[in-house]
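Trainee: Listed below, chain by chain, are the residues.
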Amino acid sequence: MSRRRAEPSPVDRARRARFERVFREVYEPLQAYVRRRCDPASADDVVADALLVVWRRLDDVPDGLALPWSYGVARRCLANHRRGDQRRDALVERLQAEPILPPSPAEHDEELEAVLAQLAVDDREIVRLWAWEQLQPREIAVVLDITPNAAAIRVHRAKQRLAALLRTDAGVPGKDDEGAEHKVLGHREEAT
Amino acid sequence: MNDDELQQRLRRIDPAARSSNHPVAGPRAAALLETIMDTPLHIPETPSSTRPRRTRRWAAAAVAGAAVVVAGVGALALTAGDDGTRETAASVTYSFGEAVDPTMAMCLPVTDYMPTPGLIGFKGTVVATTGTSVTVEVSKWFAGGDADQVQLNTTDVAIPALDGVEFVVGGEYLVTVLDGQVLTCGLSGPADPVLESIFEGWFGG
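Chains S and E supply the protein sequences, listed in that same order.
Heads up: the first sequence begins at 1 in our numbering, then just goes up one per residue.
Heads up: the second sequence begins at 1 in our numbering, then just goes up one per residue.
No lab work stands behind these hints: they were computed from the structure.
All C-beta atoms, glycine included, are put in the ideal place defined by N, C-alpha and C.
There may be inaccurate statements among the hints.
Okay, the calculated bits of chain E under chain S, using three or more residues with CB under 8 Å as the criterion [to be verified]:
1. 5-12
2. 19-29
Pulled a few chain E residues facing chain S out of the computed Cβ check, cut under 10 Å [what the hints assert, rightly or not]:
3. 2
4. 194
5. 195
Use the sequences and the hints to build the structure in full.
Mentor: Okay, structure coming up:
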């Protein structure tokens with residue numbers, strides 16, 4: 001693998017300046033994003049991988065949306081990281097079907113954690129992006145590489161499903177929740 | 001429970017709340033920044049608006065169950081030369097396929113892939129297929145070998161294919177192998193100028 005060093009030029013300097021701006025913007029929140037979704041020992045490597053991709057694809061980074069775009073890159077790096085683990089360790093195969101589990105929560109809310117685990121994986125990720133990364137639907141659209149309209153719909157539905165499950169779990173079904181559990185389970189089957 | 005209450009409740013179980021980040025103003029960040037910016041840009045520059053996206057989604061439908069276990073067992077073999085003196089390389093077991101990750105039902109875009117030390121790459125033409133093997137005549141080794149032919153035994157594969165694209169005699173393919181496994185998910189596939197230029201970027205031409 002060759003390692004050619006680019007010739008210094010005004011273009012290079014401009015590229016470096018832009019990357020430094022993006023880096024300053026995304027470095028810390030990107031660490032939080034990754035730490036929520038993988039083991040602490042791997043987090044720094046995944047962050048570095050993601051930032052390297054950002055550097056290489058800097059021309060593709062949309063103005064004003066560098067952070068969600070970087071989350072999208074990190075999301076794929078996490079998937080790649082998991083695939084690497086799968087190749088390296090046959091024992092992990094038994095766990096391949098399991099979603100990436102985040103580290104322990106800051107506080108324990110067993111009811112919420114249990115309900116969150118019942119959500120379809122796509123819904124769970126959307127809820128996390130909304131609550132933990134505090135992204136707007138148009139930003140979630142960038143992370144997931146879907147249209148803003150689709151993101152808005154999916155955010156709305158994911159929140160509805162979560163709230164319905166919480167009410168059901170608390171034994172207080174809402175008047176609009178008839179069949180909510182069935183719908184959620186059906187969605188999970190489709191998603192998995 | 002309204003949205004604000006739901007969000008607040010979720011934030012209380014945010015696992016990142018109790019972990020600390022490396023500060024962007026710290027020495028670790030500065031070192032990482034410099035390391036990254038010193039990294040050569042391997043991928044040939046093409047206008048992003050015209051660069052085809054080589055993202056391959058996991059073939060949840062196309063390859064479905066087969067993709068979970070697709071298990072090609074491959075043997076890398078040197079063909080004997082005219083003088084019969086060339087030795088056959090030790091057999092290497094390859095396997096295709098990745099388990100579908102339900103949380104990440106998408107492959108890493110090929111342009112995002114970073115070559116790993118030990119990555120093998122070659123270009124070749126399929127010269128024979130049987131029910132249990134695919135023979136590829138290598139026209140170019142990017143890294144990791146010098147054999148004239150590579151034989152991919154596919155005894156456990158229902159349909160010998162790369163991401164759902166079947167091997168056909170006469171077809172030209174670009175293939176990567178790592179840790180004994182043919183890499184799929186867009187990292188191997190039918191040869192085309194875009195994928196070949198990416199290979200050249202990965203392997204230094």
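Trainee: Each hint: holds or not?
Mentor: Evaluated hints:
{"no.": "1", "hint": "5-12", "in the structure": "holds (count 6)"}
{"no.": "2", "hint": "19-29", "in the structure": "holds (count 6)"}
{"no.": "3", "hint": "2", "in the structure": "9 Å, holds"}
{"no.": "4", "hint": "194", "in the structure": "15 Å, violated"}
{"no.": "5", "hint": "195", "in the structure": "17 Å, violated"}
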